[in-house]
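Those protein sequence lines, which keep their order, are chains A and B. Taking this note's numbering, I'd label the letters of the first sequence as residues 1 to 319. Taking this note's numbering, I'd label the letters of the second sequence as residues 1 to 319.
Looking from chain B toward chain A, a few residues come up when the C-beta cut is under 7 Å (computed): (1) R266; (2) A278; (3) D305.
Bear in mind the hints are in silico, worked out from the structure with no lab data behind them. C-beta atoms are modelled at their ideal positions from N, C-alpha and C, and glycine is treated no differently.
Protein chains: 2
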Amino acid sequence: MTVDVGDLVARAREGQPRAVARLISYVEDGAPIMREVTHALAAHTGHARIIGLTGSPGVGKSTTTSAIVSEYRARGKRVGVLAIDPSSPFSGGALLGDRVRMQEHATDDGVFIRSMASRGHLGGLSWATPQAIRVLDAAGFDLILVETVGVGQSEVEVAGAADTTLVLLAPGMGDGIQAAKAGILEIGDIFVVNKADRDGADSTARELRHMISLGSGPRSGTGEDRWTPPVLKSVASRGEGITEIVDAIDAHGEWLMATGELRQRRLARAAAEIDVIAVGLLRSRVGALAGLDQLAQLVVDGQLDPYAAADSLVADLTR
Amino acid sequence: MTVDVGDLVARAREGQPRAVARLISYVEDGAPIMREVTHALAAHTGHARIIGLTGSPGVGKSTTTSAIVSEYRARGKRVGVLAIDPSSPFSGGALLGDRVRMQEHATDDGVFIRSMASRGHLGGLSWATPQAIRVLDAAGFDLILVETVGVGQSEVEVAGAADTTLVLLAPGMGDGIQAAKAGILEIGDIFVVNKADRDGADSTARELRHMISLGSGPRSGTGEDRWTPPVLKSVASRGEGITEIVDAIDAHGEWLMATGELRQRRLARAAAEIDVIAVGLLRSRVGALAGLDQLAQLVVDGQLDPYAAADSLVADLTR
Chain A
1 MTVDVGDLVA RAREGQPRAV ARLISYVEDG APIMREVTHA LAAHTGHARI IGLTGSPGVG
61 KSTTTSAIVS EYRARGKRVG VLAIDPSSPF SGGALLGDRV RMQEHATDDG VFIRSMASRG
121 HLGGLSWATP QAIRVLDAAG FDLILVETVG VGQSEVEVAG AADTTLVLLA PGMGDGIQAA
181 KAGILEIGDI FVVNKADRDG ADSTARELRH MISLGSGPRS GTGEDRWTPP VLKSVASRGE
241 GITEIVDAID AHGEWLMATG ELRQRRLARA AAEIDVIAVG LLRSRVGALA GLDQLAQLVV
301 DGQLDPYAAA DSLVADLTR
Chain B
1 MTVDVGDLVA RAREGQPRAV ARLISYVEDG APIMREVTHA LAAHTGHARI IGLTGSPGVG
61 KSTTTSAIVS EYRARGKRVG VLAIDPSSPF SGGALLGDRV RMQEHATDDG VFIRSMASRG
121 HLGGLSWATP QAIRVLDAAG FDLILVETVG VGQSEVEVAG AADTTLVLLA PGMGDGIQAA
181 KAGILEIGDI FVVNKADRDG ADSTARELRH MISLGSGPRS GTGEDRWTPP VLKSVASRGE
241 GITEIVDAID AHGEWLMATG ELRQRRLARA AAEIDVIAVG LLRSRVGALA GLDQLAQLVV
301 DGQLDPYAAA DSLVADLTR
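Looking at chain A on its own, in the form it has when it is part of the complex (with noise of 0.2 Å):
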């Protein structure tokens, strides 16, 4: 099968559906027509702000992302979502389908919604996942929300892969010294008690604020260019406080790009992208070394200790 990845990039930029899913699944397969993608993407990308939104289960992420959609589509803006679906490292599908998110945005040419299986990384980020924002970036959306399932490394992932990170909580399940524990204050550029009309929605946010005037997060800049992360109440599922989220979304986004901040993270974001694919390729030509398997045998005959084999092996590599 020859693909034209020209043509099928140009038809994405014009905003056809099915152009857009297809390279999608190119780079999610990890085809090798995905390095070509990429290549053909490069240049049109860019343009799209990345908003991450990660929470533990049952908060009412996928209600939340809704309702996030449906405010931005009345502003204008257009709208790409990627769901990051948990799966085992077994199966690699999808949990959750595209069709059950999709209901509510089905007939609507300005929302694509994509389910991408996390494969490998217990509930985090694919790695395709930054092919595939690039794909939508490059589709002419002008908001992309990535949606993860925030265990622990997810959450810190989706923060390194968006250039705006909402954190989901709801009433007692994520009191202050929780998410402090679970690392969460130090990625949340916005955060919000979701299901706020139960009890302790109140309490939750005040602990939330408290912590957060203790601390300051590492990417929140400094003096007077500080962003304060605010802390916000919605019942989604009645679209009660979007219009707020949406508003701090934006008033962040401002922000990222008065202080130069946005330039700062697309630029650590990309270099951690380059090392990524960099250390890769390292990594499938050290298990092609025919040196590794004579190694192995030093190693377990206790000839050798595994730094010593590894120093070896870099030293063939990089000669």
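Based on these hints, arrange chain B on the given structure of chain A.
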């Protein structure tokens, strides 16, 4: 501080617990001295049998481990235990202390128990685990039990680190289909349904046996050499079924020796370990390359795609 690693290793080999503890601390801290320690240990390793023990929270791992230790002590063996504790990637601290686990064996010179945090591995094995195993191996322990909470990935890792892997389940928690989904059928050399005085133990064991008869673990050998994982029942808190578990561990150890599978597993393990270290070395070199920042700028500005940038980095490194 000047550390005489040779002296420390000599004292560890004489069975001095404080020397063993100190060496493990060095490898756990990832101190620069870790390389020297690993080098000094190499010639003294390869004698201990490494037993992995995994299972979901609540199946009774600690109790079973303690009972297995007692049984091996009764058989005249020295036993080291590494308990890998789940911990936040942010805190780095072990949730369960050595003290709690030590009580029963606290005054026994033939037992060494150590909790290790699983920093950044989400319940998986710490990168320091293989080196801590080396310390206990060189210190002359006949068996090393590596206990991990099973949360998916870590189960696969414990199987990779061990010669023999025990998978613990409890009635109603781990029926056959769940076990198959979680991928544990592939990694268990021995299955133990603990808390077998509870309802459903027989049906859980029966289902497991059925699932095992349907599939075959990729590490189980073929034909006459084939190892069929036994499914045992125990009530570890009362010491019931422990003799049978230890007999099964020993039988599997003999099978590993007789078939040459032991060496195959250890070669694969050493190769994986060298690979991880080599990739780590390469990664640190990539991060240190002067060109990365500039490449990141080109990527952010859409003038280069990240794959081309990574190619350029790798070319610099391997030129």
